[in-house]
Every structure is written in C-alpha cells, then in structure tokens.
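Engineer: Given next are the chains, with one letter for each unit.
There are 2 protein chains.
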Amino acid sequence: MTKSVDTLLIPGPIILSGAVQKALDVPSLGHTSPEFVSIFQRVLKNTRAVFKSAAASKSQPFVLAGSGTLGWDIFASNFILSKAPNKNVLVVSTGTFSDRFADCLRSYGAQVDVVRPLKIGESVPLELITEKLSQNSYGAVTVTHVDTSTAVLSDLKAISQAIKQTSPETFFVVDAVCSIGCEEFEFDEWGVDFALTASQKAIGAPAGLSISLCSSRFMDYALNDSKNGHVHGYFSSLRRWTPIMENYEAGKGAYFATPPVQLINSLDVALKEILEEGLHKRWDLHREMSDWFKDSLVNGLQLTSVSRYPSNMSAHGLTAVYVADPPDVIAFLKSHGVVIAGGIHKDIGPKYIRIGHMGVTACNKNLPYMKNCFDLIKLALQRKK
Amino acid sequence: MTKSVDTLLIPGPIILSGAVQKALDVPSLGHTSPEFVSIFQRVLKNTRAVFKSAAASKSQPFVLAGSGTLGWDIFASNFILSKAPNKNVLVVSTGTFSDRFADCLRSYGAQVDVVRPLKIGESVPLELITEKLSQNSYGAVTVTHVDTSTAVLSDLKAISQAIKQTSPETFFVVDAVCSIGCEEFEFDEWGVDFALTASQKAIGAPAGLSISLCSSRFMDYALNDSKNGHVHGYFSSLRRWTPIMENYEAGKGAYFATPPVQLINSLDVALKEILEEGLHKRWDLHREMSDWFKDSLVNGLQLTSVSRYPSNMSAHGLTAVYVADPPDVIAFLKSHGVVIAGGIHKDIGPKYIRIGHMGVTACNKNLPYMKNCFDLIKLALQRKK
Numbered sequence: 498m499t500k501s502v503d504t505l506l507i508p509g510p511i512i513l514s515g516a517v518q519k520a521l522d523v524p525s526l527g528h529t530s531p532e533f534v535s536i537f538q539r540v541l542k543n544t545r546a547v548f549k550s551a552a553a554s555k556s557q558p559f560v561l562a563g564s565g566t567l568g569w570d571i572f573a574s575n576f577i578l579s580k581a582p583n584k585n586v587l588v589v590s591t592g593t594f595s596d597r598f599a600d601c602l603r604s605y606g607a608q609v610d611v612v613r614p615l616k617i618g619e620s621v622p623l624e625l626i627t628e629k630l631s632q633n634s635y636g637a638v639t640v641t642h643v644d645t646s647t648a649v650l651s652d653l654k655a656i657s658q659a660i661k662q663t664s665p666e667t668f669f670v671v672d673a674v675c676s677i678g679c680e681e682f683e684f685d686e687w688g689v690d691f692a693l694t695a696s697q698k699a700i701g702a703p704a705g706l707s708i709s710l711c712s713s714r715f716m717d718y719a720l721n722d723s724k725n726g727h728v729h730g731y732f733s734s735l736r737r738w739t740p741i742m743e744n745y746e747a748g749k750g751a752y753f754a755t756p757p758v759q760l761i762n763s764l765d766v767a768l769k770e771i772l773e774e775g776l777h778k779r780w781d782l783h784r785e786m787s788d789w790f791k792d793s794l795v796n797g798l799q800l801t802s803v804s805r806y807p808s809n810m811s812a813h814g815l816t817a818v819y820v821a822d823p824p825d826v827i828a829f830l831k832s833h834g835v836v837i838a839g840g841i842h843k844d845i846g847p848k849y850i851r852i853g854h855m856g857v858t859a860c861n862k863n864l865p866y867m868k869n870c871f872d873l874i875k876l877a878l879q880r881k882k
Numbered sequence: 498m499t500k501s502v503d504t505l506l507i508p509g510p511i512i513l514s515g516a517v518q519k520a521l522d523v524p525s526l527g528h529t530s531p532e533f534v535s536i537f538q539r540v541l542k543n544t545r546a547v548f549k550s551a552a553a554s555k556s557q558p559f560v561l562a563g564s565g566t567l568g569w570d571i572f573a574s575n576f577i578l579s580k581a582p583n584k585n586v587l588v589v590s591t592g593t594f595s596d597r598f599a600d601c602l603r604s605y606g607a608q609v610d611v612v613r614p615l616k617i618g619e620s621v622p623l624e625l626i627t628e629k630l631s632q633n634s635y636g637a638v639t640v641t642h643v644d645t646s647t648a649v650l651s652d653l654k655a656i657s658q659a660i661k662q663t664s665p666e667t668f669f670v671v672d673a674v675c676s677i678g679c680e681e682f683e684f685d686e687w688g689v690d691f692a693l694t695a696s697q698k699a700i701g702a703p704a705g706l707s708i709s710l711c712s713s714r715f716m717d718y719a720l721n722d723s724k725n726g727h728v729h730g731y732f733s734s735l736r737r738w739t740p741i742m743e744n745y746e747a748g749k750g751a752y753f754a755t756p757p758v759q760l761i762n763s764l765d766v767a768l769k770e771i772l773e774e775g776l777h778k779r780w781d782l783h784r785e786m787s788d789w790f791k792d793s794l795v796n797g798l799q800l801t802s803v804s805r806y807p808s809n810m811s812a813h814g815l816t817a818v819y820v821a822d823p824p825d826v827i828a829f830l831k832s833h834g835v836v837i838a839g840g841i842h843k844d845i846g847p848k849y850i851r852i853g854h855m856g857v858t859a860c861n862k863n864l865p866y867m868k869n870c871f872d873l874i875k876l877a878l879q880r881k882k
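From first to last, the protein sequence lines stand for chains A and B. For the first sequence, the residue numbers in my numbering are 498 to 882. For the second sequence, the residue numbers in my numbering are 498 to 882.
Bound conformation, chain A alone (with noise of 0.2 Å):
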C-alpha cells in the first residue's frame, strides 16, 4: 500500500497522531515479557482515567483485541448468564447503533423493550425512560451516547438520575463508542456500570481493540457464578479475562489469549496524548470545532442537521446533515482527497452526510482538515445550483 493521500473524515476510523501511528512500528513483544506488561499496565489504568474511574471505585477495565461491536457481546453475554434473575432490557434507541445492541442483546436470550425518540435525530424524552422504568422490572438500561447514525447525543446525567431515582437496581450500561475522548463522560460520577468504545474513535488509535469499563457492582453480578449461572461463550467471558486483567494491571504477566500488542502500544501513547492533554479541554476542542462546523453547514450553508441543533442533543465528535444528493457531495470531495461517509439510517440513509471530528482533527488548531472539508461541502452545493 502507498500512503493514503486522502484526508479520512469519517466517523472512525480517525486520522492518528504521528507519535501514535509509528507506536505501530515496533518489533514484536513477548506478550507477558516485562516490557509489555508495564505497557499494558499503564493501559488500563489510563483506560480507567479516560472513563472517569478512580481505581479506589474498584472499576475494572478490559482491553481486548475485537471490534467495538465486541463490546456489546461482553455485556451481553455476561449480563445474560444461565441463570440470570431479569433478562428485561431497556434500550434507550436514537438510530441505528442502539437498535443494533438491541439485536445483540436478542442474540443472547434479553427480552428487549425499546424506546425510540418522536422524530429522527431527537433524543428520547426522559419522561418516556421514566414511565418504562416505573411499569417494568429491568436488569438493564442500555444508552447509546453518540448514535453514530443520527450524531444524537443523549443526555447520560439525566437518565442517570432517572434510573438511580425510579429503578435503582437496574443496571446502566453505556454504550460509549462514539463519545469516549471527545464527550463529557464521567463513569463514577453517573453511575455507569458498564461501558464500552473502540479504538478508532476519539480514542484516536488505530481500530482492533475493544474497551470496556465495568463497575464493582456489575463485576460481583458477573462472577457470581453460584447465583447467577456461566456465562453463554468463551472469549466474551469475564470470568476468564477478569484475573488477566487484573495480573496485568498489577505488574504481572497472564495469559488468556495473546494481546495485540502493536496495537496496545499504540493505544498507550493515544491515551497518554490524551490525559497530558486533558480530558476536559479535549471535551472542549471538540465542542469547539463541533459547534464552529455545524454552525457553517446549518447558518451558513442553510443544511438541515439531522440532529437538533444548536442544542445540546448532537455529538462533538461527528457531525450528520441533510443534503439533496449524498452521493454527488461524497464523490466530489473523494476527487479533491478527503473522504466522508454517507448516511446509514434505515428510514433516512440516502438523504444525508456524516463528516466525523475526533482527534487530531478536532484538537490540533494548525490542521486545516475541517475548514478545507467545509470549503468543499460548499463548492459541491454550489456547482450544483
């Protein structure tokens, strides 16, 4: 392969660092050698920070190779054990990601109650989470943060405090992909237990690892295994990765299935360029460059956002809006070198663009991605008038 020349604005994968793609040219590890091991150590401590987790919280983080997709079979599969006491799950739908964890869900024996915003690119009103949490009885509560189909950002404080309040029991379960990294998101804060993202996202390092944060009240669910029953698999399986995990986090080497160890290298320098950094101004950058963006395409280019906007119910890390021909503006801005995605809503697929903005893209002032990426959405509309 030749370098791509092409700028990739899509939402995930993202544009790396430099330091973080040649993080990937690296020799080789032994996967439990002392090298490796502080390296992964340092991972998942940092995985813990970027969610918002103390370590005094007990939270225990999972880095495994796999999709983001992965991350949904792990809550699934250990939520869903052979002898679990409530297989009701409430998903929270704003597009196409939350209904597929519902499919995920399924797939595992859930029975699953969906509620679904009025209109396309709203959020579900509170009320309605409320109501469903009054009438049933659930295990869980699923939340999409960032619905990458729709850029629906939900507001994960409120429901937080409507399930705390109605249900406390039920477990919330944070469906993160979309939001780690350029999202305010504070795991211990809200209550989460049990959220996931991948790599490729605001995360900024290269796709391949799934990444998992669960709470000490859901881990003593998902190993309790003389009440609640084995899990239903193997690589998913909690049980099984918990004492690696664990090992690793510790300074020690373990070994379930061989790491990716090119990859969590590169993860590890993504994650400090965050947290040197800061969370809280990375939040920042990508509410900065989100806003400016939608902005220009909404108020200046007169496109309607398929998420409300302005308001505080569209993501920071990508941005989705109508325009009348998807595929002439994709194909335009392919032939002048970047690359953005169409739309993948069931209902509304073919009458929309997403542009993703996490990363590099969104924090780094001198990269003039997003201005160039805007002058191009321009100059395709307006050749076609």
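For the record, the hints were derived by calculation from the structure and aren't laboratory data. Treat the hints with care, as some may be off.
Any copy will do: because identical chains look the same in the list, a pair fits if it lies in one copy or spans two.
Here are the computed lysine to any residue pairs in the SDA-like style, where the Cα-Cα straight-line distance is at most 25 Å [what the hints assert, rightly or not]: (1) 843 with 720; (2) 629 with 552; (3) 616 with 683; (4) 519 with 530; (5) 724 with 782; (6) 661 with 727; (7) 778 with 655; (8) 749 with 822; (9) 831 with 746; (10) 629 with 612; (11) 580 with 848; (12) 749 with 833.
Since the structure of chain A is already known, use the hints to place chain B on it.
Structural biologist: Chain B in isolation, oriented as in the chain A frame:
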C-alpha cells in the same frame, strides 16, 4: 516504548519481517474506501490460498479483529445453533490448547468427549479415534494440528481418512493456530470443514486477527436458520459476517463491525510474502530449521523432547524440551537478549521450555537467531554442571 532489542523466540507473537512491520505504519484508511477494499479483497483470496483451498471449493474465509481464541468461539457458536441436530463433539487432545477448545465448546452447550494419548507428548492413537467414531455419533471432531503446549503434531491426513471412512457426516475441525504457514496443510484435500488460525504465528503478521476458513458444507449448515436455528451470540455469528466477507472479496465495501485496517494491511504483506516464496518451500524451510534445532538439543545436548522426536509427530514451528531448571535457562537467555517461553501444560508445566521458530526466524537463512539460541541454551546448561 523504545524498540525492543530482545530476540523474540516464543511460539508467537513472532518476529515480523521488516516489510510486515512497516506495513503497520500507515494512516487509517476508510474501511469501505476503494483502497482498503482492494487490500481486504486480496487478503481474503490469499487466506484461502495459504489454507490450500481453491476458490472453486466455495470455502469461505473470515478475517476478524480478535485473538486466535476467538476462532474457537466462531466454530462453537455457529455449530451449537439453537436447533443443532447433534451437539456431540469428539476432541482429539494433545495438550492444553486442545483442552481449552473443549472448554470453549462446553461453554456453548456442546457434549464433549475427549480422547488423549497414552503419554503426554505423544499423539492420540488413530485406532482410539476410529473406535470413538464407530461407537458414537459426533457432529464434529476437533483436532489441534500443533498443540503449542506440547509441540505435538497430529497427523491430519490420517485422521481425515478415519473420519471420512467411519463417520463421513461428521464435521472435521482443525485448530491450525501454530500450523498454517509452517506445517503441511491441505484444507480441500483433507476435507476440512472449519480451520482457524491467528495472525501472530507462522503467518508472520502482528497479533490481533482471528483467521478462519469454512467449507461450503459447514457454511450450508451454519446458515440454515430454518433447520438449525439461530446463533447464540452476535460478534461471532457467521450469518452476520458472511455477506461482509463476500462483498469485500467481490471488491465492494460492507459493514458489520469496523475492521482493523492497519493490521489487515500488515497481514496483506505477510500473506504475499508467504505465497511469493511458495507454501511448500516455507514448509520445507520450517522443517529444516526444526530438524536441525531439535537434533542439536536432543542429540547434541542430550535433552529430552516433550513431543516425540525424531518422528513426524513433532511440530516444525516450535520445540519443547525438558531441562532441569527452566526458570534459570529462561532468565539466562533473557539476560543475553533472547526471549523464550516456559512450559504451560498442567501436568509438566514447570519442567520444560518452549522455543518458537516460525516465519523469518526459520525461513531467512541469514538470520543467526536459532544458532545463537542453541549456543545460549548450551551455555546455560554447561555453567550449571
């Protein structure tokens, strides 16, 4: 991380060729971009080639983010479908990894019978396998081609003949993790129905990819929802992945979960290197290196091989030998910058060492790694006399 100067001679991850390592250091590509589609298309075709399967056989390759272990889940979950007609599996066990495959199968609800050799380090007598196949009806037989815990090589050709003669309807399943790329392997000729491997062994790519190949017979079974029911699981579901892999191989992008683009680019280079040199030549080079190394240890240093040697029952990608004080030998080599592995078999773990010789280490005759390794082992033992 500073670049490791240690010479990594464990049975995976292995030392990468310069070009394979360099292929990691590339910008993220869009996972449905024409550039990536073309890479993934070639990877899928070449995967079939290194398993020695013709496109005309309609075998179906799957290359997923994950560890080798995930391959066990892929088979188990797609074999133990909700209406699986036969959940009985015969596991031909030659060590720890065979037994773990059995554990994985059980975790999905399989009824598992295990046959073992008379003595650790031997292969399972063929008559024992035939006897079991005559007495019971098995839906599948699993064989670990090379069990990395013992370096035992199983005679797949003979086992295949036994299955085809005694129980032709039984699926023939091979864990080829430490085999594809370094051992003679004939997917089509031996009538294999499912074979799995991992990127970081003799294929010579970075860790992080689960690579498997299904026969058309197994695909017909696994995709027959109306007859065999659904998969308990999501990320491992072949029903969900099949259209994705078919599309990529046909030169079209598709999406179920984000592929690890850098790893797949690196795998592409690794597969091309193998096929350009020629599979048969690679097998020969591994055999030559293995024969020399084992002979030097067994006849030169009077060490006892864990697997039977000389014979055709020993792996050609790794060597397992008993030594009086494994931690001392391992530490001595490490102090000289060479990393080898300890034993992991539950009964003999603390009594032996394991040395990997796969990929460039075996195939590039200019590299002095194995000669140095032998000299160091010799030195380690002599200084204790």
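Engineer: Could you run down the list of hints and mark each one as holding or not?
Structural biologist: Quick rundown of the hints versus the structure:
1. 843 with 720: Answer is between; shortest inter-copy Cα gap is 24 Å, intra-copy 37 Å.
2. 629 with 552: Close neither inside one copy (33 Å) nor across copies (52 Å); limit 25 Å.
3. 616 with 683: neither (28 Å within a copy, 55 Å between copies)
4. 519 with 530: both (21 Å within a copy, 22 Å between copies)
5. 724 with 782: Neither: 46 Å inside a copy, 53 Å across copies.
6. 661 with 727: Neither. Shortest intra-copy (28 Å) and inter-copy (35 Å) distances fail the 25 Å Cα cut-off.
7. 778 with 655: within (23 Å within a copy, 63 Å between copies)
8. 749 with 822: between (55 Å within a copy, 21 Å between copies)
9. 831 with 746: between (43 Å within a copy, 23 Å between copies)
10. 629 with 612: within (8 Å within a copy, 52 Å between copies)
11. 580 with 848: neither (45 Å within a copy, 41 Å between copies)
12. 749 with 833: between (49 Å within a copy, 22 Å between copies)
Hints 2, 3, 5, 6 and 11 from the list above are not met by this structure, while the remaining hints are.
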